[in-house]
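So you can see what is in the structure, the chains are spelled out below.
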Amino acid sequence: MTKSRDLANAATALNAVTATELGFVDGVTSAIQTQLDAKLATATAATTYVANSLADAKGDLLTATADNTPARLAVGNNGETLVADSSTSTGLRYQGNYTAGKNAIINGGMDIWQRGTSFTTNGYSADRWYRNSNGANRTYSRQTTSDTTNLPFIQYCMRVARNSGNTTTDSLEFVTSLETANSLPYAGKTVTLSFYARAGANFSAASNRLGVYLISGTGTDQGWISPGYTGTAYPINNQTATLTTTWQRFTFTGTVATTATELSSFFFYEPLGTAGAADYYEITGVQLELGSVATAFTRAGGTIQGELAACQRYYQKSYNIDVAPQTNTTGVGLVALISSANSVVATSARVGYVFLKTTMRTTPTVTIYSYTSSTAGVVSNGAGTDLAANSGLVEYQGSNGFVIYNFSGGNITPSNGTFVAHYVASAEL
Amino acid sequence: MKYTYEEIATSLGNGFILRSDGACIPKDTANSDYQRYLNPEAEQSTPNLSE
Numbered sequence: 009m010t011k012s013r014d015l016a017n018a019a020t021a022l023n024a025v026t027a028t029e030l031g032f033v034d035g036v037t038s039a040i041q042t043q044l045d046a047k048l049a050t051a052t053a054a055t056t057y058v059a060n061s062l063a064d065a066k067g068d069l070l071t072a073t074a075d076n077t078p079a080r081l082a083v084g085n086n087g088e089t090l091v092a093d094s095s096t097s098t099g100l101r102y103q104g105n106y107t108a109g110k111n112a113i114i115n116g117g118m119d120i121w122q123r124g125t126s127f128t129t130n131g132y133s134a135d136r137w138y139r140n141s142n143g144a145n146r147t148y149s150r151q152t153t154s155d156t157t158n159l160p161f162i163q164y165c166m167r168v169a170r171n172s173g174n175t176t177t178d179s180l181e182f183v184t185s186l187e188t189a190n191s192l193p194y195a196g197k198t199v200t201l202s203f204y205a206r207a208g209a210n211f212s213a214a215s216n217r218l219g220v221y222l223i224s225g226t227g228t229d230q231g232w233i234s235p236g237y238t239g240t241a242y243p244i245n246n247q248t249a250t251l252t253t254t255w256q257r258f259t260f261t262g263t264v265a266t267t268a269t270e271l272s273s274f275f276f277y278e279p280l281g282t283a284g285a286a287d288y289y290e291i292t293g294v295q296l297e298l299g300s301v302a303t304a305f306t307r308a309g310g311t312i313q314g315e316l317a318a319c320q321r322y323y324q325k326s327y328n329i330d331v332a333p334q335t336n337t338t339g340v341g342l343v344a345l346i347s348s349a350n351s352v353v354a355t356s357a358r359v360g361y362v363f364l365k366t367t368m369r370t371t372p373t374v375t376i377y378s379y380t381s382s383t384a385g386v387v388s389n390g391a392g393t394d395l396a397a398n399s400g401l402v403e404y405q406g407s408n409g410f411v412i413y414n415f416s417g418g419n420i421t422p423s424n425g426t427f428v429a430h431y432v433a434s435a436e437l
Numbered sequence: 226m227k228y229t230y231e232e233i234a235t236s237l238g239n240g241f242i243l244r245s246d247g248a249c250i251p252k253d254t255a256n257s258d259y260q261r262y263l264n265p266e267a268e269q270s271t272p273n274l275s276e
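Protein chains in written order, with our numbering: chain E, 9 to 437; chain Y, 226 to 276.
Some hints could be false.
Said to hold, decoys possible - Incomplete in silico selection of chain E near chain Y, CB under 8 Å:
id, residue
1, Thr96
2, Val374
3, Ala435
As the list claims (entries may be wrong) - Facing chain Y, from chain E, some residues (calculated, C-beta under 10 Å):
id, residue
4, Gln230
5, Asn246
6, Phe276
7, Val432
Simulated from the structure, these hints should not be mistaken for laboratory data. Ideal Cβ positions, reconstructed from N, Cα and C, are used throughout, including at glycine.
Same shape as in the complex, but just chain Y (with noise of 0.2 Å):
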């Protein structure tokens, strides 16, 4: 699925990334949501092993 991103600040802190299916992710690379908004080629590049 194709997400689209919008970065949102907040009063404190380092605000957030709104992705378009409305979750929120958090600015930490640990998280694997942000690890795709920080590559999204990397989110389509799903390899085939059954070939």
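Next comes chain E alone, as it looks inside the complex (with noise of 0.2 Å):
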């Protein structure tokens, strides 16, 4: 009776139900319900899912620390930003956002070369880089990368050379020292010196090693090159960057001190024996930068014209961008001095005022060159004629603009109405 029960009330169970979904029982081979506790016993196990508790607050991340083993990345402080960085458990981390002015090495792309194209004595080059060589038949120029796939899209590169026969075997070296207000945000910090760089098919240094140094010093303002650092250390000391034919990506990482108040990027290279046809290193895209991971070379200017100004702060000239100062009868970037009524200027008087193009770090040191031979102290006529000795020196000169005074211990005539120069004004380290 029961079982006739039974089979009546599935009966009237089964009425909603299809073949097809009957059907669907096909195979089963032993108790469904056991099997999908079973199922789900395996499915929380640790490690199938990401348990709710590895995220403790809005903004973490997951992440992971290797293969099959989920991590959390605590969210990062307003405004930072996330870079990889594979020296970090999760291979990430959140650092200050420094994507504007981060990189603190001004022409680090060597985009800027005011002075001229080519270097064969000591002194600055590329601007803001000061070339320094104990030996001759070396020579410092700009040279164009010619490379779309090593390097992120730079122009130029500097190469430092040592000239084709030459034996001297002194290092050659060259620097570039930060005003103490740029370097100060470094003080007590993790920075990364990064740089591109290759070498020539002859480059004669030991295991074709280049040296690399950032120096620390605690006076203010001080050229490390000259008069030299106070208080001198090295957050990144005598380190090797092996170069090879091709462009390589280099990056050191160390500390600056919290004293620190100045610093310099300083790389040299010893050569051995005699110099091949290419006995060289190239030089491009140098970036200081806070935090120890080495990110996208950005100019330190920003734009190229952001690059022009900052260089400009510490060395202008009226020359064209693309004209070396002391390139005799150059026309263009002449400073015109208007001398009212086309009348003498005694001596000891004043021919007339410049203004220069961007505000300089300090006072500059000033020469004005004349027209048609470039010689310095003299200023030439509104003809282009050369007048006399030490017509054209330099008082009053501040940050923004000099005076132009004749001190050639007569009177000077003007031509055409005018008075004629050029100049530069350095303000450098």
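Build the complex from these two chains, which are given one at a time in their own frames, with help from the hints.
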């Protein structure tokens, strides 16, 4: 009776079930509920799903420390950006947003060459970069990188070369110094110096070594080459970049002392034997930034115009950007000084005032050059004729401009109502 | 490069330093050329890190 009643109830229950649905139990070999329970038990295991407890706060990220090993990355501070960093457990790290002005090295991309494009004596070469070498027959020059594969589209580089056949083995050094205002943000911080470099086919340094320093000092606005630093320390101390003939990026990390007030980036190579035809290295994309990871290279000035203005804070000239100072008979850029009523200017009298293109770091040293022969300390008349010695000296210079004086000891006479001259102004470290 | 220097007086102000290459150096202690004029020994003390 009971069985009959059960069958009757089952028939009622199955009334809404189709034959297709009944077919879904085909192949079942054990209790379905038992199988479902076992499956759920497996699915809740830590090896299958990430536990909710891994997230602790708003903004936390789910990342990993290894294969099948999830981990939490706590949200960064407001404004910070997430960067890849293989030295951390998760391969990720938040850091301050240093995109604007993150690179402390002005002209790290070797874009600006106001003084010329080839240098064989010590002094500033590419803007902000100082050539230093005790030996002769070394040429520091601008070159095109000619590589859009291994470089992030950087147009120019500095080539530091020992001339072919030269046997002098004194080191070839290349340095840029930061003024104190630009160094202080790095005091007490971890910093990373990065750059792109490659060797010429005859690069003669032992083990293809390019030496790398980051130097700090405790003075104010000193150049490291001259007069030199006080309180010298080495956040990056004599590291080695092993060059090949292909562009590579090198990165070095160090910690700047809390007392540091000035920084210099310094590179050198020590040649061996007799120089071949391509005994050089090339370098560009130099970047010094906060943190332990080298991020993509950017100009300190942001744009090419910004970089030029940053360079002109230290050095500027009247000549066109692509004309080296003391290029004779260069009309473009001449400073024309109007002489009222075409009158002569007596000795110890002012010839005129010149406004500088950008405000300079401090009161600059100024040199006046004549039009025809590029004689220092001389102005020319409006017809281009160079006038007397010391007719173009400079006084009352400030960070925004200067006065040209006639100290020739006699009168100077304009032509076409003007005197003309070129100038260079330097407020370098 | 070894330079020689000459102090030039002007009608106003403190005058300036005329360097032998024709450069006019202001008497401003923040100017590195003036620092080298005041301390010529430092100009010749180029450090050498490469050794």
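Structure-based check of each hint:
1. Thr96: 32 Å, violated
2. Val374: It holds, given that the least Cβ distance between Val374 of chain E and chain Y is near 5 Å, below 8 Å.
3. Ala435: 7 Å, holds
4. Gln230: 8 Å, holds
5. Asn246: Result: holds, 7 Å to nearest chain Y Cβ.
6. Phe276: 4 Å, holds
7. Val432: With a closest approach of 9 Å, the Val432 of chain E hint holds.
When held up to the earlier numbered hints, the structure conflicts with hint 1 and nothing else.
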